[in-house]
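Student: Residue strings, one per chain:
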Amino acid sequence: MVDIWNGVSQAFWLMVTLDSALVEISLRSLRVTFTALLIASCIALPLAAFLAVRRFRWRRGIIALLNALMGLPPVVVGLVLYVILSRSGPLGVLGLLFTPTAMIIAQTVIIVPLIASVAHQSIRELWAEYHDLLISMNVTEGQKIRTLLWDSRRALLTAALAGFGRAIGEVGAIMIVGGNIDHATRVLTTAIALETGKGDFGLALALGFVLIGLAVAVNLSIHWLGRTERGDRW
Amino acid sequence: MIPKLMLGAALVAGATAAQAADVMKMAVTTSFNNSGLAEVLLPEIARDLDLEVQLLVVGTGQAIKLGEAGDVDAILVHSRPAENRFVAEGYGTHRTEIMYNDFVFIGPSDDPAGIAGDATAVEALQDIAAAKADFVSRGDDSGTHKKELALWQEAGLDAAGFGDWYNAVGSGMGAALNTAAGMNGYILSDRASWLNFGNKADLALLFAGDPVLFNQYAYLPVNSERHAHVQTDLVNKLEAWLVSDRARDLIDSYRIGGEQLFVFNAGAN
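Here the protein sequences line up with chains P and V, keeping their order.
Quick note on numbering: the numbering used here labels position 206 of the first sequence as 206, and the sequence is numbered without any gaps.
Quick note on numbering: the numbering used here labels position 172 of the second sequence as 172, and the sequence is numbered without any gaps.
For the record, the hints were derived by calculation from the structure and aren't laboratory data.
Note that this is a predicted model, so its numbers are computed, not measured.
We treat Cβ as the ideally placed atom computed from N, Cα and C, and that holds for glycine.
Any given hint could be a false lead.
[As the list claims (entries may be wrong)] Residues on chain V that point at chain P, a partial pick, calculated with CB under 10 Å:
id : residue
1  : V58
2  : G70
3  : D111
4  : D164
5  : N167
6  : S171
7  : S193
Using the sequences and the accompanying hints, generate a full structural model.
Tutor: Have a look at this one:
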């Protein structure tokens, strides 16, 4: 219990004094995860709509695969990327290992199946509703996808936030491909692992509380920006 | 909504992009980093050489792997046989000794195996094995782990055949110390990590001082003939700094709780 109170008070002082190391790693956490989220959304959302609209042979297989990959073990993603990005791996010439870019790639790989699966669920329901209307208007496939994406944007926001939650709290993959380098690839989750290793549970807990606070703040502000909870919309 | 989100993401992306002039990567052992010496040396290196040294904190085994794969420019480790092999196989250009510290035996303060009065490290290990007292091993192929295995061998015991009391946790020094604190068991640690460790619980330093526990750190540049992207000029600049009088003063004067942790011995042998 002493450790928990110690953690709460340290978290409080770190935030009140805007500790420069804390600000740095928090901003890096946000930067890495938001970039990964942006890229993942650009891949996953159109893919989800495409899977809803187009009927083709491997469609069911791909949907089942995406659902299964929601549980992709981050540490395996990290390990595979490590081997690929290492200087002696196939993409070694790019020199990406132990950079924030490698961490962004890892998080993107982890959250694409999650966002695509969740988004596909809601787009599919909307498609059942819109199917006859859109077919009768004789629109192209691209128009169908755009319409579905736009009209299910609130549900897609939820899908993206689920992806954000998984990415910002992830430690296994980014520890391996990022290397937890101070001032370069250290983020909140890897810093927590490091401080736990040093036996400094107070600081580790403080960083943990900051991480939770950050996740809550991001969710709230995105809801506010998207005006999901206003009476006049939906 | 979407443009606003993108703007937000762009702002966050732009906010963290400060870089020093020169950047090199070095793999170091957990014991070096946990000792806190890195936090003393790195800012001085940045000031003197305008060089940002990015540390990858891993076990000696993994540090050597990183060097072999060319993912770092140099390594700073402590396991003589592995280092010699690294140079002999052409992965590293040479080996430069920088400093040493020592290993210590940590255990429950009431010392159930009675190692505190022992004359040698080998005797201490034999006592622990005879008492079947809980023992935590790093089990991660690090320099400390290799040292521990070598000591068991010297004591005429085979770590692979031990029973339930021998716990190989497969993690870094701090995590292994946490485990030892949790089960109140014995562990071999480097002195620096022990002094800096925040969760000592009922553990105490029980045995130290046997010359066999001497722990030499060496700096090994990665061979640029194998990996053309290695920044040899930066690596050499750092090596010159590490063996200089400036490094000697900083290393020899680094203390925790009044105790000197590292002894600078570059160029001594």
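Student: If a hint holds in the structure, say so; if it does not, say that too.
Tutor: Verification of the hints:
no.	hint	result
1	V58	holds (8 Å)
2	G70	holds (4 Å)
3	D111	violated (21 Å)
4	D164	violated (25 Å)
5	N167	violated (17 Å)
6	S171	holds (8 Å)
7	S193	holds (9 Å)
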